[in-house]
Amino acid sequence: MSEEKKSEPLFSKKNKALITNPLNSINPVTIQVLGICSALAVTVQMDNAIIMSLAVTAVLIIGNVLVSLMRNIIPGKIRIIVQLVIVAALVIIVDQVLKAYVYDVSKKLSVFVGLIITNCIIMGRLEAFALGNKSWASALDGLGNGIGYGLVLVVVAFFKEVFGSGTLTIPGLGKLTIIPESVYDMGYMDNGLMLLPPSSLFIVAVYIWVQKTRNPELIED
Amino acid sequence: MEYLNIFIKSAFIDNMVFTFFFGMCSYLAVSKTVKTAVGLGSAVIFVLVVTTPINYLLETLVLQEGALSWLGDEYATMDLSFLSFIMFIAVIASIVQLVEMLVEKFSPALYGALGIFLPLIAVNCAILGAALFMQQKQFANIGQATVYGLGSGFGWFIAIVLIAAIREKIKYSHIPGPMRGVGMAFLLTGLMGLAFLGFLGFEL
Numbered sequence: 155m156s157e158e159k160k161s162e163p164l165f166s167k168k169n170k171a172l173i174t175n176p177l178n179s180i181n182p183v184t185i186q187v188l189g190i191c192s193a194l195a196v197t198v199q200m201d202n203a204i205i206m207s208l209a210v211t212a213v214l215i216i217g218n219v220l221v222s223l224m225r226n227i228i229p230g231k232i233r234i235i236v237q238l239v240i241v242a243a244l245v246i247i248v249d250q251v252l253k254a255y256v257y258d259v260s261k262k263l264s265v266f267v268g269l270i271i272t273n274c275i276i277m278g279r280l281e282a283f284a285l286g287n288k289s290w291a292s293a294l295d296g297l298g299n300g301i302g303y304g305l306v307l308v309v310v311a312f313f314k315e316v317f318g319s320g321t322l323t324i325p326g327l328g329k330l331t332i333i334p335e336s337v338y339d340m341g342y343m344d345n346g347l348m349l350l351p352p353s354s355l356f357i358v359a360v361y362i363w364v365q366k367t368r369n370p371e372l373i374e375d
Numbered sequence: 021m022e023y024l025n026i027f028i029k030s031a032f033i034d035n036m037v038f039t040f041f042f043g044m045c046s047y048l049a050v051s052k053t054v055k056t057a058v059g060l061g062s063a064v065i066f067v068l069v070v071t072t073p074i075n076y077l078l079e080t081l082v083l084q085e086g087a088l089s090w091l092g093d094e095y096a097t098m099d100l101s102f103l104s105f106i107m108f109i110a111v112i113a114s115i116v117q118l119v120e121m122l123v124e125k126f127s128p129a130l131y132g133a134l135g136i137f138l139p140l141i142a143v144n145c146a147i148l149g150a151a152l153f154m155q156q157k158q159f160a161n162i163g164q165a166t167v168y169g170l171g172s173g174f175g176w177f178i179a180i181v182l183i184a185a186i187r188e189k190i191k192y193s194h195i196p197g198p199m200r201g202v203g204m205a206f207l208l209t210g211l212m213g214l215a216f217l218g219f220l221g222f223e224l
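Chains A and B, in that order, give the protein sequences. My numbering applies: residue 155 is where the first sequence begins, and numbers increase by one. My numbering applies: residue 21 is where the second sequence begins, and numbers increase by one.
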């Protein structure tokens, strides 16, 4: 892939923007409002969130590259079903890998691994980007959007886990205690609401609020 | 009674939107007016009632471990469940196509109301989510699976109609700039989710 015909450097300004834009101004979750189902449901523990974002990023990059390589031979009329089949096949592979290496997490993610198929970020990027761009640019676009998605998941999971159960579960490090025992002795209590589904929505709402206050050009009218 | 319990549990307690965030993309995108929300909501109910039983049959007759035993003894130990994602999504996509064609042929009025929403639904996570949960819950017969589909669809319907009604009213309120639009919709959904938590443990 390094021998592109035009002498465009691999990490030209345009290509870098493909990675950095999805982190803020076109963030897939908070600005484009895509792929929310999984973003909110898997964030009770940090390790679930991290592994879910890795899975989505992997599917995004590989799917983007495959569709971009095939973009000239896919007939326009059946492109949705072709994309669905590609994504479904990739998700099956990801699911089997997760079951083989991180079985506990894959049990906790349960149906949400399967739901990567209908994650709108993936279909959205395939439709909007991979069908009209070269494979290297598509790979970067997939990476950028995957990181943008992961960023929101990690932020939500951080607040949910720290305030909901006082711990932080990081893959490879195990369960870390964030709030020390002495604070509990003084009468502090974990916020049970943080473990319930609605709190993810509140955290994302506040995230959007902060993000749009810092970037007033993103405000809707 | 069994059926009523499944219906209430899937519609209110395990509400698709408020508990699992299924179908949030279209939930937020199409909830600006009540009229379109009713259209999309009914289309979701319709597709769920049709696809859940078909996926149930597929699961019990083809995919489950030992499900192929009706073909003969040598197939009795086969486990095709790793194929379930691709099979379910293929069934959903093709049923949605088929339903769209049938509705267009036999009921132009219904097609006018649901038509534009049907293609959207193939990639609505609520449909695939219901199929995957149906697989996990291991229903005893096809009737229970159908009621589960109906209940989930109904839960999704009330969620989107309620939020659309609120968003219609809130259009004229004075909301801080950064929260306008999506931010407020998230906050409202969270509050509605809190209200729905009141159904927890409810059983007939």
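These aren't lab readings, by the way, just hints derived from the structure by calculation. Every value quoted in this text rests on a predicted model; they were computed, and no experiment measured them. Keep in mind that the hints are not guaranteed to be accurate.
The calculated label-pair distances, taken between Cβ atoms and stated as ranges, are [unchecked claim]:
(1) A282(A) / L77(B): 33 to 43 Å
(2) L220(B) / D344(A): 35 to 45 Å
(3) E374(A) / L91(B): 50 to 60 Å
We put the CB at the ideal spot given by N, CA and C, even for glycine.
Hints and how they fare:
| no. | hint | result |
| --- | --- | --- |
| 1 | A282(A) / L77(B): 33 to 43 Å | holds (36 Å) |
| 2 | L220(B) / D344(A): 35 to 45 Å | violated (19 Å) |
| 3 | E374(A) / L91(B): 50 to 60 Å | holds (56 Å) |
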